[in-house]
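**Q** Okay, here's what each chain looks like letter by letter:
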Amino acid sequence: MSWIAPTMFWLLLLVPAVLLLWFLKIRRTETVVASTILWKRALQDERVRSPFQRLIRNLLLLLQLLAVILAVIALARPEFGSMRYSSRLNLILLDTSASMNSIESDGRKRFEEARSKALQIIDDISGERGILIRFATRAEALTPVTSRMDLLIDAVRRQEASSGLTAFPEALELALSIAKQDVVVPAAVEENVPVDDEEEILPPQIDARIFIITDGAVPRWDGGPIPVPVIVESVGEVSSNSGIVALAARREFSDEGDLRVVVEIRNSGDEAISGELELLLDGEIALASQQRTLEGGERWTRSFALEGAGSHRLEARWIPEGGDGLALDDRAWLVASAPRSIQVARVGAKNVLLDDALAVLPSVEVTQIEDVDQIDPETVGDEFDVIVWDRVVPDRLPAGPGHLVIGARPKRFWPEEVPVVQQPLLVGWRRDDPALRYSELGPIDGTVIEARPLPLVPGTTSLAECREGALIARFSAQGVRGIVVAFDVLDSPWPLTPSFPFFIDGALRDLARIGGGIETGIRSGDLIEVVAGAGVTEARLTSPSQDTEIDVPVLPGGILRITAGDELGIYEMKWRAGDRGEEMWQKRSIPVNLLSSSESSIEPRPAIGLAGSETHQRDLAWNQTRRELWSWFLIAALFLMLAEWIVFHRR
Amino acid sequence: MSESGDVSEPLLDEDFLARCSRLALISRSVVRGKLHGEKRSRRRGMSTEFADHRNYVSGDDLRHLDWNIYGRLEKLFIKLFEEEEERNVVLLLDASGSMNCGEPNKWRHARQVTAAIGAIALASGDRVHLRVFDQELRPTSGSLRGTRSILRLIQVLDELEPGEQTALFPSLRAHGASAPPRALQILISDLMDPDGIDEALRQISGSRGESWLIHLLSKTEQDPQHNGDLRLRDIEDGSYVDVSFTSAVFEAYQRVLASFREDVRKACARYRIQPVEVTSDIPFDQVVLEMLRHRRLLG
Chain A
1 MSWIAPTMFW LLLLVPAVLL LWFLKIRRTE TVVASTILWK RALQDERVRS
51 PFQRLIRNLL LLLQLLAVIL AVIALARPEF GSMRYSSRLN LILLDTSASM
101 NSIESDGRKR FEEARSKALQ IIDDISGERG ILIRFATRAE ALTPVTSRMD
151 LLIDAVRRQE ASSGLTAFPE ALELALSIAK QDVVVPAAVE ENVPVDDEEE
201 ILPPQIDARI FIITDGAVPR WDGGPIPVPV IVESVGEVSS NSGIVALAAR
251 REFSDEGDLR VVVEIRNSGD EAISGELELL LDGEIALASQ QRTLEGGERW
301 TRSFALEGAG SHRLEARWIP EGGDGLALDD RAWLVASAPR SIQVARVGAK
351 NVLLDDALAV LPSVEVTQIE DVDQIDPETV GDEFDVIVWD RVVPDRLPAG
401 PGHLVIGARP KRFWPEEVPV VQQPLLVGWR RDDPALRYSE LGPIDGTVIE
451 ARPLPLVPGT TSLAECREGA LIARFSAQGV RGIVVAFDVL DSPWPLTPSF
501 PFFIDGALRD LARIGGGIET GIRSGDLIEV VAGAGVTEAR LTSPSQDTEI
551 DVPVLPGGIL RITAGDELGI YEMKWRAGDR GEEMWQKRSI PVNLLSSSES
601 SIEPRPAIGL AGSETHQRDL AWNQTRRELW SWFLIAALFL MLAEWIVFHR
651 R
Chain B
1001 MSESGDVSEP LLDEDFLARC SRLALISRSV VRGKLHGEKR SRRRGMSTEF
1051 ADHRNYVSGD DLRHLDWNIY GRLEKLFIKL FEEEEERNVV LLLDASGSMN
1101 CGEPNKWRHA RQVTAAIGAI ALASGDRVHL RVFDQELRPT SGSLRGTRSI
1151 LRLIQVLDEL EPGEQTALFP SLRAHGASAP PRALQILISD LMDPDGIDEA
1201 LRQISGSRGE SWLIHLLSKT EQDPQHNGDL RLRDIEDGSY VDVSFTSAVF
1251 EAYQRVLASF REDVRKACAR YRIQPVEVTS DIPFDQVVLE MLRHRRLLG
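First to last, the protein sequences are chains A and B. Numbering-wise (my numbering), the first sequence opens with residue 1 and increments by one. Numbering-wise (my numbering), the second sequence opens with residue 1001 and increments by one.
Hints in this document: simulated from the structure, not taken from any laboratory. All values derive from a computational prediction rather than experimental measurement. The C-beta atom is built at its ideal place from N, Cα and C for all residues, glycine as well. Check each hint, because a few of them may be wrong.
Label pairs and their in silico Cβ distance ranges [what the hints assert, rightly or not]:
| no. | chain 1 | residue 1 | chain 2 | residue 2 | range |
| --- | --- | --- | --- | --- | --- |
| 1 | B | Glu1290 | A | Asn58 | 26 to 32 Å |
| 2 | B | Asp1237 | A | Arg27 | 57 to 63 Å |
| 3 | A | Arg27 | B | Thr1147 | 54 to 60 Å |
| 4 | B | Gln1254 | A | Pro16 | 38 to 44 Å |
| 5 | B | Lys1266 | A | Trp645 | 43 to 49 Å |
| 6 | B | Ala1269 | A | Gln44 | 22 to 28 Å |
| 7 | B | Gln1254 | A | Thr31 | 14 to 20 Å |
Chain A extracted, bound-state conformation (with noise of 0.2 Å):
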């Protein structure tokens, strides 16, 4: 037996206290009567004749000791079970998604309740196996599992909620995967004892439970029935917030490039929030603040135009009055900039109309190569960003560069030879992808002399196509990646149109890896991917508030990767060619957000939706399984003062 609260032994202090009213208690009334005489005598016929009720007298007090001390023992709160001192694994999740950086109304923060919960928990499983997985925007594993509940709880309290999204789905399967890795075989069945035939052998058994710490704030999960319990804590009480959930920029077609920001505030809750809207450019507020009262549920788009053509870092600020339940998401920030040349390879015979369109291209720089022998596969990557191959490719394209294939095929995907279509008539395109985006490929319906339709195979899409297959195709596998065109430009009307250097530019921009110039940013945790370039040796990334500064592993190709921090903000990469004797940092700015309406929606939900699997209440799931045992002792105090009530009556 053990006790969940053995502080309320304390209250054993009582049993002295009773004694002392029990000798208070018998402080006699004085009556004068005529004689005592027949008194005395009936006194020592009563001892005479019932000798244990001195006996009962006492037992009053001792049925009023033993009920006080019976009810505290209930407070105590004992428990009884094998189960406690079983090998049983505990997993207990703990959510430190951005929602538990939530305010509570008593001014902490909601993660600590459930950094307190955890604590409990882990109290409670003392004498079990246990394990600790946070989730935000990743799930992992902090603690190995261990009986020691001091690595437990020097990892709790090590937590910190993030500012990320909630990867629940993600931490229940790495919970799922443990608990299925610590499956407990039944004992074998005794040699001597004869075995029943209808006897069930039974399977193995996950002797494992989940704890999951949340408010709820989770997407559901779909992978199926959970072979465990699961015990949900729940933590938090507010739900009134509002945040920025959308912040989106683009440059106005126009020569100055003026922006187009939009902003998109939603309240979470239930009640009306007043506050105000500010948008800064490079620190300075950009246009005058705007007020708004945004009633429960209502979302609030706002659209700003701003000009200037260069680099600018844009924040977007909401204000509410009084503050609200979530400060993270009343803000947010994005960077627009000059997008930067992109170095581009022309690979093939003398082209005019191709060459036309990439000389008309801004922020391209094209350099001629005749020969397809000049290209070094081990360093072409380092030098260029896209290749342009017309008419002609290698059997092996090099990894790295973006590669836009014309009138060619890779035989890497496609090592058939493709039959030659007249005329092919368009059936679709994709007008949704970057290097489409704004052609139009009306002048190669049915006026291509001919071409070789792609089909599509592994590693491929389509995007454009006519019914013998794709005439503009992606391809993608092992580090190389590309766009190809199925027929020679040359033989369409297709160059002499807009709609052509639309097609180049996009599709050198998006296989450089360049947008449009407008950084939109990540979220937490997430990934923060720069294609530095070739030569790159050294990179560093700095955090928004500039307190630290870390190194950034290169990739091969110049490919600079790290996971963003907590902190919300604009990083900022910046990398140098060291080998090359460069001295000058190259700098690219990524906004990270929050902007998730999932996250700005703080308010608790008791029940996480688990597909069918059944969930409880702690304190319900708790009581089953450990066996509390304070009910029956305040029932036996309340028998024992029962029967102290009726002795002292029927005296």
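For this one, chain A is given, so just place chain B on it according to the hints.
**A** Below, chain B alone, put in the same frame as chain A:
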């Protein structure tokens, strides 16, 4: 029937006194007084009621010779006549502290009963001796005779104050030494004496006359109504006993009380004393007019 009444009221009212004139205490034995009275005496005397004959001896009054017998038998016999004498009634009133207790109060009730019996005795021509005692016999103030002494008796009783402790045996022994011979002795007491009652009652044994015992207890002594845990303090000696009143204690008390009364009855039988058990909630006139009459002690 009248209640024991308010302490400010007289012990006996006029109605009761008027009824007393028609009553008399009935003795089952012949008593002797100093004066010729209304009661028969064992002494053969001067009255006209023939009692017996005896042989003539020298010196006898020749006027009492029965000449008719001499004529028939030629022997001399003297005629003997019953002599009527007055009767002595001794009222022994317990005035100890224990009598001044209980509800209704025993002290007033005892004085009322004493006064009533005394009034009846005086009205019927008896000589009444009032003897009061507590831890000793208080000084006597002489005897009373005649109806004119009734008010005097009531006044004396009314002015009596209760004493402290009880000493039945020495008090009654002192009384016995000076008691008129062959008197009717009536003891009014609760008999609450820690030294016992046997020797005390022997002092008023009926063998030398006739004795009655009015054994008076209060209602609270008969049926105590205490509750809880109490300290009972003795009004006489200040001693106390702690009692937790349970049903077992009440039952034990009733057993002890019954035993006490049985002891009294046995002692009364042993010493030829007529016992009358009375509780203070029974009005005194009911005690006198019904209970004594029912026991043929009053006629």
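**Q** For every hint, state whether the structure bears it out.
**A** A quick look at each hint next to the structure:
no., hint, result
1, B:Glu1290 / A:Asn58: 26 to 32 Å, "50 Å, violated"
2, B:Asp1237 / A:Arg27: 57 to 63 Å, "23 Å, violated"
3, A:Arg27 / B:Thr1147: 54 to 60 Å, "57 Å, holds"
4, B:Gln1254 / A:Pro16: 38 to 44 Å, "39 Å, holds"
5, B:Lys1266 / A:Trp645: 43 to 49 Å, "44 Å, holds"
6, B:Ala1269 / A:Gln44: 22 to 28 Å, "26 Å, holds"
7, B:Gln1254 / A:Thr31: 14 to 20 Å, "18 Å, holds"
Of the numbered hints given earlier, the model fails hints 1 and 2; all others are met.
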